[in-house]
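Each chain, letter by letter, is given below.
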Amino acid sequence: MIGFKRASFDQGTRWLTALAAASIIVILGILLGIITYYGWHRISWEFLTSAPTHGMTEGGIFPAVFGTAALVVIMSVFVAPAGVLVAIYFSEYADRTSWFYQLSRQAVNNLAGVPSIVFGLFGLGFFVQFVGKGIDRAMYGGTLHYGQPALIWAALTMAVLTLPVVIVSVEEALQSVPRSFREASYALGSTKSQAVFRVVLPHAMPGMLTGAVLAVSRAAGEVAPILFVGAAYYLPQLPTKLTDQFMHLGYHVFILSTQSPDVDATKPLLFSTVFVLLALTFLLNVVAVVIRARMRWAHRSV
Amino acid sequence: MVTATVNRDFPKLRTNVTQAQPGLDPGRQSTEVRVQAKDFSLWYGDRQALRNIAMEIPSQRITAIIGPSGCGKSTFLRAINRMNDLIAGVRTGGELLLDGTNINGRDVDVVALRRNVGMVFQQPNPFPKSIFDNVAYGLRVNGLVRRSGELGERVEEALRQAAIWDEIKDRLHKNALTLSGGEQQRLCIARALAVRPEVLLMDEPASALDPVSTAKIEELIFVLKSQYTIVIVTHNMQQAARVSDQTAFFLQGELIECGGTAQLFTNPSDKRTEDYITGRFG
Amino acid sequence: MADVVYPVKQIALSRHWTLRQGREWIIDKFIRVNAGLAIAIVFLILIFVAREAVPLFYEPASKVEVGLGRMFLPQQYGTAEAPLHYVWHPVSTVPKYSLIPLLLGTFKVTLIAMLFAVPLSMLAALYTAEFAPRWLRETVKPAVELLAGFPSVVLGFFALIVLASWLQSVFDLDYRLNAVNAGMALSLAVIPIIYTVCEDALSAVPRRLREASWALGATRAETAFRVVLPSALPGIFAGIVLGFGRAIGETMIVLMASGNAAITSWSFTESVRTLPATIAAELAEVVFGSPHYRVLFFIGLLLFLLTLALNSFGAWVIERFRRRLVGE
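Chains as they are written, first to last, in our numbering: chain A, 1 to 302; chain B, 1001 to 1282; chain C, 2001 to 2328.
No lab work stands behind these hints: they were computed from the structure. Incorrect hints may appear among the rest.
Lysine to aspartate or glutamate pairs mimicking EDC-like chemistry, simulated, CA-CA at most 16 Å apart [stated by the list, open to error]:
hint, chain 1, residue 1, chain 2, residue 2
1, A, K192, B, D1245
2, A, K241, B, D1245
3, B, K1174, B, D1133
4, B, K1225, B, D1210
5, A, K192, C, D2028
No experiment lies behind these values; they were computed from the predicted model shown.
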């Protein structure tokens, strides 16, 4: 029999740690519960497809949904190929002992830890002021077209922010492709690039999808990077050109929360918008997890 | 005592291997050599895996390589199509010649080498593509087919050679992973044959299969002999005795003995060979 | 070796620059160049943020208004009776650029966040790694990942609308939006990071060490504290460092929940302003190229370098830790 002191220490620790875990779950429950409770009843197809009215106290959030979608699509066009290529390098081409590999790895890790507001500064200082103004000088003789906050710059800024997410997901997918496929390909007289692009990559497609989905999920919710690079609060029209500004779900939540003239009147709309944003984020994350789980199951010991 | 046992037991294992050679050109007198190892060695970093191997692999014959696990037989096999290059830190010494050319030489294009020397692996490893695409892969990747109709013809030819055409001709577009283990292995053989290699390397091709599939594969290898030079690594001595013309015994990275199969199994010249064959170790 | 006869037909093995090999070389180089993208981006961020910040130190307009001294050393603002040494008030007749209130605000909020997040995540990680039955572990881990998926603007919203009111009524606070409010919300963003890294570190300790301890008659708790925790300590430390880095750099939550008043005081129940929030709040209305603009970029540069250092350090610790564990 172990002594009372030891037994109670064991019990006490169990309870304390369980309490900590439970607290986290309870907090999560409260968050989800309150947002769902106050935000749920306004959700309808109409809400999602109509524009806001009456000074943002009524109507729908369609422009924000559209703007977010536009942002995310353009971002994916840039981040998907770039991320996949870097992941291919890490997984298939790199010599793990070379300094270039180590440095690239470090760079990706560091990029993942950069504060989101710094990405906003980068978007402003590089894309808008440098690239944008440069384009204006070269193509428009100095008049302001690209040298101002715009959809394209926001999309590129988001692409830079989500690059590490895509790289990590795709690399994991490539690594999970069994070695025997590569060997079989080489034994048939294929070059390295043929083996990678004809056999490994197609088989890793689910993982690439996971990466894209996670990137999209981040982009819908991150606000700081696009604060001064293209997001706007109330636009009379939907964005049609790359140089237009756009509305964004996350940005909309921010402005509604902090800069509404009448916070109480806007509250119902605000809760519903948060609900939509949260639901979208979770849906995307769940999809990504499901794809990843199915891929892991399909690749189990071949 | 031991010698008597050897002489008595092995006639049972011997099939009529050395007699009629179906398909061999009766006009051919001398034995052409396809692959020749001259003082060939290989190191994984500091560890020497193959020591001064000297042997010849004759054309249109089946050469079996036997030996206990870890003796270097797979390493030697993989050296012939330079699959060892995929491992970092591999060094070779001596010469390994294919039709007189040193395959480790500076001028050699590894990709072309691997098209000429095909390989079938121990675990069947068809690509997660359709049966047709699996067989067509080598043809597409090497750009071997110009005419659009030719691809289908070559695929059919390879599947017929691998004796699997009739079974799957209606399911060419199904995923290859839906086949059974034995069928998958025959598919891998077809895939390797599609590019019409000169030499076919087989690394324990039947060890992962059930006895019925194993018998089918052995039958297949026998038939293929007339067109291809085959080198087969096996840990199953009975299989070696059944199927091969020439057998090489490896031990700890060295070639101990190499000779006609019947001769080696009934009257080995080296004691170590005898010990392995009689099951003293291994 | 007998005379060897080679067949007349030779297999063409020689290498000459075929189209295929040329193509392969191009693809290889292209992939390698592209891989430098991440490195290039990190450098670009550094360069272009610095580009807007560094003129602070040599442009005449900026040198007059602002300097390293003005940003960090005590100044003589206010009056003789009520002296104010550290004030951040760039938009006024006498612009004041002391970073001290901002640093103080960042410190207060981060401290509160870490005070909540570290014990909660570590204990929770300990629970799922050492005590929880399998089904419970499979519930808690996804739950924490769910929490990680919350966009920070949603957490900020929650703090602003719900938490602030609740705190104010329960603790009878003067200011609705303050350091405690922001800190608590911030901890929700940091918890998943610390939890995940700690849980990985604890799980990475080989099972055989635990089994040895149990076999000697130790209880689960004793094993956890005496055997597992010490082994996992570097990983846990790295997790805290990474969480700390996240807390310092987080913008939206603080922007929405802290009140955004740049006050120099040690009180936690007053409004505060942090470094990232300052950038977010003021950059929209600043004149391009003005000293104010440059100071904001300078703050961004500081944040970038600081989080870079923290993340590199955390990653280095994790790598050392993993190597040590594998070598065991």
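Results for each hint:
The hinted pair formed by K192/A and D1245/B fails the criterion: a straight-line CA distance of about 36 Å is larger than 16 Å. With a CA separation close to 74 Å, the supplied pair K241/A and D1245/B exceeds the 16 Å bound. Pair hint K1174/B plus D1133/B holds up; C-alpha atoms about 10 Å apart against a cutoff of 16 Å. With a CA separation close to 23 Å, the supplied pair K1225/B and D1210/B exceeds the 16 Å bound.
Between K192/A and D2028/C the alpha-carbon distance is near 9 Å, which keeps this suggested pair within the 16 Å criterion.
The structure fails to meet hints 1, 2 and 4 from the earlier list, while all remaining hints are met.
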